[in-house]
Every structure is written in C-alpha cells, then in structure tokens.
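Participant: Sequence:
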Amino acid sequence: MQQTRTLSDKIFLTLKGLGMGAANKVPGVSGGVVAFVAGFYEEFIYSLKKVNGKALKLLINGRFKSFFNYINGRFLSLLFLGMIISYFSVSKILDYLIIHYELFVWSVFFGMIIGSIYYINKDFKDWNYKTYTALIIGIVLGVGISFLNPAKENDNLWFVFFCGIISVSGMTLPGFSGSFILILLGNYVLLLVDSVNALYDTVYEILGGNFSFYENPERTRNLKVLAVFTLGSVTGLVTFSHLLSYILKHYKSITLASIIGFIIGSLGVVWPWKKTIYITNENGEFLFDSTGEKIIQNYKRYFPELNTETYYAIAFIIVGIAIVLALEVYGQKTRKQK
Numbered sequence: 001m002q003q004t005r006t007l008s009d010k011i012f013l014t015l016k017g018l019g020m021g022a023a024n025k026v027p028g029v030s031g032g033v034v035a036f037v038a039g040f041y042e043e044f045i046y047s048l049k050k051v052n053g054k055a056l057k058l059l060i061n062g063r064f065k066s067f068f069n070y071i072n073g074r075f076l077s078l079l080f081l082g083m084i085i086s087y088f089s090v091s092k093i094l095d096y097l098i099i100h101y102e103l104f105v106w107s108v109f110f111g112m113i114i115g116s117i118y119y120i121n122k123d124f125k126d127w128n129y130k131t132y133t134a135l136i137i138g139i140v141l142g143v144g145i146s147f148l149n150p151a152k153e154n155d156n157l158w159f160v161f162f163c164g165i166i167s168v169s170g171m172t173l174p175g176f177s178g179s180f181i182l183i184l185l186g187n188y189v190l191l192l193v194d195s196v197n198a199l200y201d202t203v204y205e206i207l208g209g210n211f212s213f214y215e216n217p218e219r220t221r222n223l224k225v226l227a228v229f230t231l232g233s234v235t236g237l238v239t240f241s242h243l244l245s246y247i248l249k250h251y252k253s254i255t256l257a258s259i260i261g262f263i264i265g266s267l268g269v270v271w272p273w274k275k276t277i278y279i280t281n282e283n284g285e286f287l288f289d290s291t292g293e294k295i296i297q298n299y300k301r302y303f304p305e306l307n308t309e310t311y312y313a314i315a316f317i318i319v320g321i322a323i324v325l326a327l328e329v330y331g332q333k334t335r336k337q338k
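Counting from 1, one number per residue, gives the positions in the sequence shown under full-length UniProt numbering.
Simulated from the structure, these hints should not be mistaken for lab results.
Ideal Cβ positions, reconstructed from N, Cα and C, are used throughout, including at glycine.
A hint or two may mislead.
[As the list claims (entries may be wrong)] In silico EDC-like cross-links for lysine to aspartate or glutamate, where the CA-CA straight-line distance does not exceed 20 angstroms:
#1 Lys224 x Glu205
#2 Lys249 x Asp126
#3 Lys252 x Glu42
[As the list claims (entries may be wrong)] Using C-beta positions, here's what the derived DEER-type ranges look like:
#4 Tyr251 x Ala322: 29 to 39 angstroms
#5 Val234 x Lys65: 21 to 31 angstroms
#6 Ala322 x Lys224: 42 to 52 angstroms
Make a model of the complete structure from these sequences and hints.
Facilitator: Right, here's the structure in full:
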C-alpha cells in the first residue's frame with residue numbers, strides 16, 4: 001500500500017503526524033480521528049500491520065532496507081516524526097491554550113469532531129440493519145465511557161501492561177481517547193506524569209555521573225512501571241493494527257458504522273462547557289506535573305448561559321468544523337492530482 005510521494009506530500013504527512021500527536025495528548029481527543037479525516041487512516045493501519053514476524057526476520061538478518069520498505073517505513077517515519085515534533089512544540093502550545101483559553105480550545109475540538117462525523121458519513125451509503133445496529137452500539141459505548149468516574153491508581157504490572165495497550169488505542173481507533181481512558185482507569189498520573197518524570201530525573205542524574213537511582217525504591221518502581229507500560233503500548237499498537245486490518249478487510253461497513261457511532265458518542269467527552277477537576281492532596285492543594293501544570297482528574301459538564309463568551313465559543317465550534325472541511329478540500333485536490 002506504499003505510495004509515491006512528492007515533497008509537498010511529505011511535508012503535509014509530517015504535519016498530519018503533528019496533528020495526531022497533539023490530539024493524542026489531550027484527554028478526550030483521538031489521534032485516530034485526525035488520521036481518518038486526513039485520509040491516511042487505512043494506510044496507517046495496514047502499515048502497522050506489516051510489523052510482524054517477517055519484518056522481524058528482515059531486521060535480525062540485517063536487511064534494513066528491505067525491512068524499511070516492507071513496513072512502509074517512509075510513511076511511518078514521517079508520521080512519527082510529526083508526532084515527536086508535536087510533543088516538543090505544538091503540545092506545549094496546546095497546554096498553554098487549554099490553561100488560559102480552555103472553553104475556546106474545547107469548542108474547536110468539538111467542532112472538529114462534528115466535522116469529522118460529517119466527513120466520514122457523507123460517502124458512507126451502506127446503511128442496513130447491521131450497520132445501524134453497529135452505529136447504535138458505537139454511540140452507546142462512546143457515551144457510556146464519557147460519563148464513567150475515575151478508578152483509583154493501580155501499579156500492578158499486569159494492569160499497567162493493559163493500560164499500555166489501551167493508551168495507544170486513540171491512535172488506531174477514531175473517537176477513542178487513550179489518555180482519557182487512562183484517567184478513567186486511575187493511572188493517568190502514574191503513567192504519564194510520575195513514571196515519565198522518574199525517567200527524566202534518572203537520565204539527568206546518570207549524565208551527571210550519579211548512579212544512585214537504584215537505591216531509591218520509589219524511583220525504581222516508577223521506572224519498572226514505565227518499562228512495562230511502554231511494552232504494553234508497543235504490543236497494543238501492533239495488535240490493534242492487525243485486528244483493525246482484519247475487520248476493515250472483512251467487515252468494512254460495520255466497522256465504519258461503529259466508528260461513526262463511537263465518534264458521535266465521544267462528543268460528550270469534548271463538550272466545551274465543562275469544569276476541569278484537578279487532583280489535590282490531603283490538604284486540598286493542587287498537584288502539579290514536571291512542567292508546573294495542574295494534573296487533571298476528570299471533568300464536570302454543564303449547559304451554558306447565553307452570553308458573549310458562549311457566542312465566542314459557538315464561533316470557535318464553527319472554526320473547528322471549517323478546519324475539517326478545509327482538510328477535505330485539500331484531500332480532494334490531492335486525489336485529483338494523482
């Protein structure tokens with residue numbers, strides 16, 4: 001499923017990866033939606049599917065070029081390059097905007113989800129009792145997940161491995177936010193804050209010639225948790241891609257209907273008018289991550305009053321819809337050129 005790409009295609013693919021990375025970082029937003037709307041979702045899934053036994057043999061035998069071509073390496077490398085750039089740039093800007101303009105940021109996301117539903121649905125014609133049933137199940141699951149209450153933190157390694165599998169689901173399953181699910185599972189802070197901070201502190205100490213980190217029980221526990229979480233994430237990425245590749249091939253209409261339903265259900269997660277609930281300690285003081293930002297626990301949704309702020313938020317919802325429609329226009333032009 002490899003494609004010949006121009007320089008413009010490569011730049012835009014990197015930008016799409018950047019968009020996926022930013023979306024994956026925000027609880028409630030799915031990077032898979034970006035892939036779906038931007039038109040590279042199926043290629044993404046089928047490329048990940050190529051990470052299999054044959055690819056491993058090519059790698060072990062030192063046939064690196066064959067391995068790179070087999071897994072559609074140019075496509076994946078550009079996409080992941082965009083995600084890495086996003087982590088060190090766009091996601092930081094996004095963090096700032098959410099802190100200072102939370103309502104408007106969520107309004108844009110809400111509009112983009114609405115636009116995504118339109119985009120996916122407009123060309124879908126295979127409606128029957130099976131696809132309608134899949135649609136309803138998807139909606140129910142999406143809505144149900146969005147209103148669950150967070151569990152307590154759990155550092156059991158088998159559970160952490162499971163969390164790793166779940167964490168990458170947002171990359172492969174549109175509408176399914178891995179970071180939001182980690183909040184519900186109670187391990188968002190442990191896995192995306194504490195363990196990452198432990199790795200950062202350990203690397204910093206090692207570079208300074210200090211190797212005493214192994215004498216710190218909490219540090220070694222967090223590093224062990226991070227290692228298992230990473231293993232689970234890799235396992236989830238490959239496993240989900242194989243599973244989705246199979247069902248897209250054999251049950252494409254039902255899968256698309258389910259995805260549409262799930263995205264509709266996820267609107268509850270990105271509802272703009274919500275109060276963010278932050279984690280506090282026993283004294284009621286906010287807890288902060290390594291960047292000095294308050295750590296999110298969950299959200300409390302409400303219906304807005306009609307005022308100037310609400311009208312601005314509605315305008316930003318329209319902006320979000322327009323962004324998706326612009327992506328669609330770009331995609332159509334690209335397909336015509338090819």
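Participant: Run every hint past the structure and note whether it holds.
Facilitator: Against the structure, the hints:
Restraint check for Lys224 and Glu205: satisfied, since their Cα atoms lie roughly 17 angstroms apart, inside the 20 angstroms limit. Restraint check for Lys249 and Asp126: the C-alpha separation of about 15 angstroms stays at or below 20 angstroms, so the hint holds. For a cut-off of 20 angstroms, the pair hint linking Lys252 to Glu42 stands: about 11 angstroms separates their Cα positions. Between Tyr251 and Ala322, the C-beta spacing of about 33 angstroms keeps the proposed range 29 to 39 angstroms intact.
Range check, Val234 to Lys65: about 23 angstroms between beta-carbon atoms, so the 21 to 31 angstroms window is met. At roughly 46 angstroms, the beta carbons of Ala322 and Lys224 sit within the given window of 42 to 52 angstroms.
Hint violations for this structure: none, all hints satisfied.
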